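**Q** If you read the sequences in order, they're chains A and B.
Here the UniProt record's numbering is used: position 405 in the first sequence is 405, and no number is missing along the way.
Here the UniProt record's numbering is used: position 153 in the second sequence is 153, and no number is missing along the way.
Simulated from the structure, these hints should not be mistaken for lab results.
Please read all numbers here as calculations on a predicted model, not as lab measurements.
One thing to keep in mind: the hints can contain errors.
[Said to hold, decoys possible] With a straight-line Cα cutoff of 25 Å, these simulated PhoX-like cross-link-like pairs (lysine-lysine) come out:
no., chain 1, residue 1, chain 2, residue 2
1, A, K73, B, K116
2, B, K116, A, K423
3, A, K66, B, K163
4, A, K71, B, K54
5, B, K54, A, K186
6, B, K116, A, K186
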Amino acid sequence: MTSSQCMHYFVSISFSFPIPFYSRTCAPRSAYHCPLVSYLRKTMNPRRDLQRRTENGILIWILEAKGLPAKRKYYCELCLDKTLYARTSSKSRSDNVFWGEHFEFGMLPKIDEVCVSVFREADPKKKKDRPTLIGYVVITMDQLAGRNPVERWYTVNTTNNDTSSRIASALGAKSSSQDAPSLRIKARWQSVDILPLRAYEDLLHLLCYSYLPLCEQLEPILAVRVKEDFATSLVRVMYKQRLAKEFLCDLIMREVEQLDNDHLMFRGNSLATKAMESFMKLVADDYLQSTLSDFIKTVLQCEDSCEVDPQKLGNVSNSVLEKNRALLMRYAEVAWTKIHNNVHHIPVDLREVFAILRCRLDAQNRGALADTLISSSIFLRFLCPAILSPSLFNLVSEYPSGANARNLTLIAKTLQNLANFTKFGGKEHYMEFMNEFVEREWHRMKDFLLRISSGTQTGVERNADAVVDTGKELSLIATYLEEAWTPLLQEKNANKKALCDVKSILHDLAEYKRRPDNAAFHSPMVQQPSSDYENSPQQNVLPRHENVPAYRSTPPVGQATIMGGRSMSRPATHLLTSDDYVLSSAFQTPSLRQAGARLSDETGTSSSRTSDKTTSSAEIRDDTDSDMELENRGRGGRSRKRLPRTDASPSSSQQASSGYLSNNPSRSSYSNSSSSSPVERLAALSIANPVFGPGPSSGYNIPAEPKEVVYQKRSSPPPYDPEAHNYHYQPMQVYAVPPDCQVSPRTQAGATQANIQNRLSLPRTNPRASRNSTLLRPSVVNVPDDWDRTSDYWRDRTIEQYRNQQEMIESQAREIERLKKENLELKNQMMSTTTKIDSKRSDSGASEDSYDSLSSLDRPSRKSIVVMPN
Amino acid sequence: MGGRSNHSAAQNQPVLRIVVVGGGGVGKSALTIQFIQRYFVQDYDPTIEDSYTKQCFVDEDLCKLEILDTAGQEEFSTMREQYLRTGSGFLIIFAVTDRNSFEEVRKLHELICRIKDRDDFPIILVGNKADLENERHVARHEAEELAHRLAIPYLECSAKLRKNVDEAFFDIVRLVRKYQHDERMPIHSEIDRKLESPIKLKKKKNCRIQ
């Protein structure tokens with residue numbers, strides 16, 4: 001990644017989540033694949049993989065429009081729930097208005113609809129002229145929820161105001177355009193329900209050990225589209241498990257062995273070719289950018305055509321043809337030189353795959369095939385398609401049209417012929433003049449293919465480890481398997497050791513999913529309601545409110561008492577009040593400890609009300625914990641704290657009011673929006689929308705990219721790992737600490753002992769709470785020894801992160817110690833003063849006063865949080 | 001090839017764009033070259049995009065064909081977008097020896113219909129490599145069944161033996177003609193529209209004056 005790209009990601013993270021940007025800036029459209037973004041997300045929520053979550057994403061192609069008058073240029077704006085996310089380039093009408101642009105957004109909150117508005121560009125001659133809204137298409141998400149993208153023509157709703165009626169009349173006047181304006185849009189809304197990572201343990205094990213038989217079974221039955229999706233997910237999981245090399249080589253070699261015609265190798269669309277393609281896109285994106293980005297931009301900027309087909313040129317002089325030929329020759333030479341010179345940038349991962357393939361083919365005495373195979377991979381599947389459709393590979397944002405597209409086609413053809421080691425002729429005679437170039441470069445092509453597939457070469461180290469969301473990919477794989485794994489297939493494989501478990505694994509996963517609150521995976525500390533701040537699904541918020549038992553802080557009288565609390569009136573629905581039950585709940589650790597231990601004991605089976613309840617209390621604690629974490633991380637903590645709240649606001653209309661459309665509350669006033677420039681709107685977005693407040697970048701520096709720890713494959717229970725145990729214990733201490741200790745230690749410290757005692761021991765809402773509970777007693781939650789089994793996750797953590805957390809824990813521990821001391825002092829002070837002062841007066845008066853002062857200190861910030869969404 | 005004698009007549013004929021689509025390595029190029037140049041190419045080199053022109057008589061009417069031979073790899077799908085929009089008739093090719101390529105047929109058909117925004121369009125399903133009878137993986141009745149379901153004709157041919165090659169191309173020309181005849185009105189209006197646009201009009205004028 002270049003530094004400028006890095007900057008871009010960085011800026012978009014710090015100012016905006018979700019990331020609205022404009023295609024005109026050539027911004028990569030899938031910034032959320034960026035390792036940095038993923039890394040930040042994970043850092044923001046290191047426990048992401050331990051909880052059930054939902055990842056929402058949309059992929060949308062704005063393809064073309066028909067029925068628009070041939071007048072000036074048109075562009076589209078893409079809004080998700082009334083927030084502007086993207087804009088296409090402006091295209092004029094030739095046959096239709098064709099954009100062919102795609103946008104991909106991930107990590108979205110739940111959205112209800114997509115709105116694509118078509119605008120006609122302002123007349124450049126008239127200074128005051130503004131873009132005109134032609135109309136819009138609204139697509140609700142349920143229309144797009146299928147597994148495959150939905151592509152169809154949507155009739156454009158023209159608005160009823162003056163402008164549109166003029167348009168309508170203009171349309172009517174043109175007798176030729178009988179069609180109502182319509183847009184062809186292809187889109188897919190993906191809402192992936194992801195279980196905690198360890199739920200997929202068996203599936204992962206199956207994939208790691210039996211990928212070959214599995215692929216063999218699936219190859220003939222998967223549809224082409226599914227094949228691509230499946231191969232993509234599989235290769236990403238394998239990459240994360242450091243098995244990509246083995247997986248790809250096994251898969252490709254299997255295909256090579258099965259093919260009886262060497263010519264056909266790697267030509268079709270099979271799992272092997274799709275996996276290879278996905279792998280290249282995953283690991284070699286930087287290489288592609290550094291190799292071809294400049295070149296493609298140069299070609300696209302150039303107005304000259306390099307058409308060399310006399311039939312397409314029509315009657316032109318020979319000099320024009322010669323000129324075009326020279327240009328094409330130059331382009332081809334530049335492209336090839338760039339590719340050849342950039343050979344050392346090819347990622348090591350890819351080189352290793354090629355090297356292994358060459359070795360294996362040599363071992364089978366089919367070494368001659370190696371060049372064909374490698375060239376088919378890198379040229380036919382990667383470089384040539386990228387030249388041909390650079391917008392698909394994020395090299396540029398605009399779909400090349402007309403002469404540009406033809407130029408790119410001719411360049412790609414030349415390169416492909418070079419990579420095929422064939423001369424022109426036979427098929428297209430007009431290309432024969434390029435044979436000179438092709439023949440001249442053959443030896444360099446040989447050299448190139450050899451160099452990228454020889455193990456001795458050192459290449460670029462894995463610099464930016466592409467980050468894969470394993471949970472998401474595994475969830476997708478499970479879905480594909482569920483569709484494909486018919487009873488018939490299961491029957492067929494019942495006797496095969498490798499695959500006999502598929503059905504039961506899928507069944508287990510389905511079972512887990514059916515359990516609404518996933519009790520099986522709850523443990524005292526892993527539960528957290530939402531994936532992370534920018535993606536807290538509302539369905540998680542609601543049940544949390546419902547589940548909040550009135551008094552989970554009951555003293556350790558037994559579970560029955562806790563349950564009894566349920567019937568009582570609810571003091572508050574969420575944490576944002578300064579209601580004391582929140583506080584005291586965290587203090588009453590013994591009950592939690594019990595429940596926690598219990599829960600971990602009965603993994604998988606507990607679905608009783610008890611566990612239900614523990615869950616919700618754990619949730620509460622977790623939530624406060626995340627606040628602590630933020631506070632600890634950096635000075636920007638306060639503002640970041642808002643994020644989960646704003647995101648969780650259930651109504652989309654609220655969201656809309658905070659975006660740039662805040663002055664366009666209804667769709668009928670859309671034309672207003674066309675008046676402000678994109679820059680203004682972007683600015684408005686970042687200012688008006690609380691989500692776009694000072695981001696994570698404001699507070700702390702991003703630590704270096706983590707080195708991943710190799711995932712340990714295993715089939716039996718893991719060996720005892722003392723370090724892991726220690727590691728798990730430590731956070732426990734922290735989580736059991738009353739939240740307010742961390743959130744506002746000063747407030748606590750400033751209050752008198754009496755207040756605290758009153759506040760804690762006399763909760764207004766919980767008569768059952770123990771009155772003589774010791775103040776601020778941090779306690780260690782007892783965790784069963786088999787705890788580590790539940791979190792393979794930690795193994796994925798890096799040492800740095802480990803250290804980070806360790807530091808956090810230590811600082812929190814210090815804080816606790818300090819507060820403990822303070823408490824003790826206050827207690828002593830209190831003891832000494834009570835004898836002197838009239839106990840009754842001081843007791844009631846002081847408590848009243850200081851309680852208010854406490855809450856007034858505490859409240860404003862929180863209040864603002866609650867208010868923010870409006 | 002008989003078109004050369006009647007050059008002026010050919011100019012009045014609209015150019016029919018025939019697009020040859022299908023999975024990778026099914027023999028699209030072999031079929032096209034066999035039709036255009038009457039020989040069988042032995043070497044299988046992946047195509048990116050080749051175009052050919054040919055004039056021929058179909059049912060005693062001269063027609064000018066522009067045949068676009070395309071890439072089978074999914075990776076080139078945006079290109080496909082472009083040529084699918086401009087094609088007037090399609091040959092969807094699969095290899096009877098390659099089950100995967102057969103599976104792709106339905107998707108391609110759907111794609112064409114969607115882009116054309118029509119339920120039916122001049123399309124012919126062609127099963128290539130029919131000479132490799134002992135390597136066959138797609139039974140004839142299966143292909144016929146699929147073609148029936150998609151409401152398009154099915155032809156089995158062999159580029160190697162030049163079996164049914166001309167038939168496939170001639171049939172698609174007939175289909176396109178019939179289709180265009182049926183849709184005469186829209187096509188007229190399309191021509192009108194083209195005439196209306198000032199640039200086209202100018203060109204035509206120049207042409208006439210010459």
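**Q** Broken hints, numbered, in rising order?
**A** Failing hints, ascending: 2, 3, 4 and 5.
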